[in-house]
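Just so you know, the sequences run in chain order A and B.
Just so you know, we're using my numbering here: the first sequence kicks off at 1 and counts up by one.
Just so you know, we're using my numbering here: the second sequence kicks off at 1 and counts up by one.
Hints were generated in silico from the structure; no laboratory data involved.
All figures in this text were calculated on a predicted structure; none of them were measured in a lab.
Idealized CB from N, CA, C, for every residue including glycine.
Any given hint could turn out to be false.
With a straight-line Cα cutoff of 20 Å, these simulated EDC-like cross-link-like pairs (lysine to aspartate or glutamate) come out [to be verified]:
1. B/LYS37 <-> A/ASP99
2. B/LYS37 <-> B/GLU151
3. B/LYS37 <-> A/GLU30
4. B/LYS283 <-> B/GLU315
Examples of chain A residues lying across from chain B (beta carbon under 7 Å, computed) [unchecked claim]:
5. TYR26
6. GLY80
7. GLY96
8. TYR101
9. ASN117
10. ARG120
11. HIS121
12. ALA159
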Amino acid sequence: MLCERCHERPATVHVTKIINGVQTAYHLCEVCAKEQGEVFPNPFLMGSPFDFNKLLSGLLNMESSSGFAPVTTQAQQRCGTCGMTYNQFTQIGRFGCPDCYDAFSSRLEPLLRRIQNGLRHTGKVPGSAGERQQLARRLEQLRRELQQAVAQEQFERAAQLRDEIRKLEQGAQ
Amino acid sequence: MSLADFVKRTISKWMRETGPEDDIVLTSRIRLARNLKGFPFPTLATDAHAGEVMELVRQAAENDAMKRLGKFEFIRCRDLSPLDRQMFVEKHLISPDLAQQEKHGAIVLRDDEVVSIMVNEEDHLRIQCILPGLRLQEAWNLASQVDDALEQTLTYAYHDQYGYLTACPTNVGTGIRASVMMHLPGLALTGGIQRLLSAVSQVGLAVRGIYGEGSESFGNLYQVSNQITLGESEEEIIANLMSVVQQIIEQERNARKLLMERNRIQLEDRVSRSFGILAYARKMDSKETLERLSDVRLGIDLGIIQGVSAGILKELMVLTQPACLQKYYNRELSPNERDVRRAQLIRDRLRMSDTEVHG
Ligand SMILES: [Zn+2]
Ligand SMILES: [Zn+2]
Numbered sequence: 001m002l003c004e005r006c007h008e009r010p011a012t013v014h015v016t017k018i019i020n021g022v023q024t025a026y027h028l029c030e031v032c033a034k035e036q037g038e039v040f041p042n043p044f045l046m047g048s049p050f051d052f053n054k055l056l057s058g059l060l061n062m063e064s065s066s067g068f069a070p071v072t073t074q075a076q077q078r079c080g081t082c083g084m085t086y087n088q089f090t091q092i093g094r095f096g097c098p099d100c101y102d103a104f105s106s107r108l109e110p111l112l113r114r115i116q117n118g119l120r121h122t123g124k125v126p127g128s129a130g131e132r133q134q135l136a137r138r139l140e141q142l143r144r145e146l147q148q149a150v151a152q153e154q155f156e157r158a159a160q161l162r163d164e165i166r167k168l169e170q171g172a173q
Numbered sequence: 001m002s003l004a005d006f007v008k009r010t011i012s013k014w015m016r017e018t019g020p021e022d023d024i025v026l027t028s029r030i031r032l033a034r035n036l037k038g039f040p041f042p043t044l045a046t047d048a049h050a051g052e053v054m055e056l057v058r059q060a061a062e063n064d065a066m067k068r069l070g071k072f073e074f075i076r077c078r079d080l081s082p083l084d085r086q087m088f089v090e091k092h093l094i095s096p097d098l099a100q101q102e103k104h105g106a107i108v109l110r111d112d113e114v115v116s117i118m119v120n121e122e123d124h125l126r127i128q129c130i131l132p133g134l135r136l137q138e139a140w141n142l143a144s145q146v147d148d149a150l151e152q153t154l155t156y157a158y159h160d161q162y163g164y165l166t167a168c169p170t171n172v173g174t175g176i177r178a179s180v181m182m183h184l185p186g187l188a189l190t191g192g193i194q195r196l197l198s199a200v201s202q203v204g205l206a207v208r209g210i211y212g213e214g215s216e217s218f219g220n221l222y223q224v225s226n227q228i229t230l231g232e233s234e235e236e237i238i239a240n241l242m243s244v245v246q247q248i249i250e251q252e253r254n255a256r257k258l259l260m261e262r263n264r265i266q267l268e269d270r271v272s273r274s275f276g277i278l279a280y281a282r283k284m285d286s287k288e289t290l291e292r293l294s295d296v297r298l299g300i301d302l303g304i305i306q307g308v309s310a311g312i313l314k315e316l317m318v319l320t321q322p323a324c325l326q327k328y329y330n331r332e333l334s335p336n337e338r339d340v341r342r343a344q345l346i347r348d349r350l351r352m353s354d355t356e357v358h359g
């Protein structure tokens, strides 16, 4: 197979990117791959201690050099809690505080799509968050029932549901 | 101190005991990354923050829920000598990074050394459970219980969408790293190892040599672990790793069978020579030690070498590391002296019966 970019040299670098759920495969020669910033450290070379941060900063550099987003403005973005900039994050590969995740979520999500399996945690939940999530699910259920009751003109039932929802909402604050 | 006493005092449960499939899987390990709500990650923590985190964890380690899970000790890195910290690294209880955290690092250690909690490493907490053999589910259950117990007094940084928040987004979500340490001499001798390792990396798992430099792995010891932490539950992550590990076990068993059928005499010669060298050599560097131990362990597993316990590999791969050697001989040793003392320790250990050590 010839390189898709120069059509001269054999394609030896094969990269699959998943961006916004769309999978695209690139087949490039070594030279074009380097120019495109597609070569990142192979973490699976046998015996080489696998450094997640090295992989991560490789991915982050790739992102900025291939122009996914206007780097200059967004790199200055700061976390309001700890003051870390996105630029600093790309350099050290670690966030400054838990709030960085929300502060940088728009830049983080494309990265998470590539290194993780989706954007939503589906595993264990801490005790207090578990209660909160249960409450949210219960409220959602009650609101659905309320809509149904109104649609079916069961006004007495609707009033009961409204009271219950109000009570739960107040308890949550 | 006699060698028997030193071995008894130094080895952890994962080195001493056996477990399922432990002719191939030496250990199963679960590590959970957790951070405390309201504090910057250790990356940006000030002395005051780090001190406060340490104090909160020290109190949590003493709570009633933790007491029900065993006898835990809270140890500050600064209260340990550099040699003792290095020994914890050699015993796989803490990371080299934590050993460097003299000022703010701490370890919460259960007396059997199955559970160790690193404090102020890359994340505020790294809960680790390490068990002998293939027991990932059991290790996860225990790690999760320790997690719940600590949570009785600590509030974690948790996000409804992203899950447990970690300093590095490669750990976010479950914060789990599940790994198994495998001994794969059969695949190494039959040349199947490279193919297998690249196949494993295709399915989203990471493989690396436990000991070695550059691309070389000494002693045919490999760690296989998950990479994805977000978007899959802990159970899915463990099940995925388990199924790959089962396949590697099967391939390793086939490779060993093939060697016994087709190259029996060469194999017997190889493992017996290695045994002879371990039993009589006067100088051993750590690379050769691991290679000879791997041969001897294979010989034990295949019934070629008898009267030596299979645990010798796990035990000696740790006890012959630099800090352990210096601890045993109770003085600083130059690399050259270490090679001489290492050979001596191995000779002495091979002449002892297991009952003397594990009595
Ligand atoms: Zn090209
Ligand atoms: Zn922040």
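Hint check:
no., hint, in the structure
1, B/LYS37 <-> A/ASP99, "10 Å, holds"
2, B/LYS37 <-> B/GLU151, "11 Å, holds"
3, B/LYS37 <-> A/GLU30, "45 Å, violated"
4, B/LYS283 <-> B/GLU315, "19 Å, holds"
5, TYR26, "18 Å, violated"
6, GLY80, "13 Å, violated"
7, GLY96, "4 Å, holds"
8, TYR101, "6 Å, holds"
9, ASN117, "3 Å, holds"
10, ARG120, "6 Å, holds"
11, HIS121, "3 Å, holds"
12, ALA159, "31 Å, violated"
Hint check: violations occur at hints 3, 5, 6, 12; the rest are consistent with the structure.
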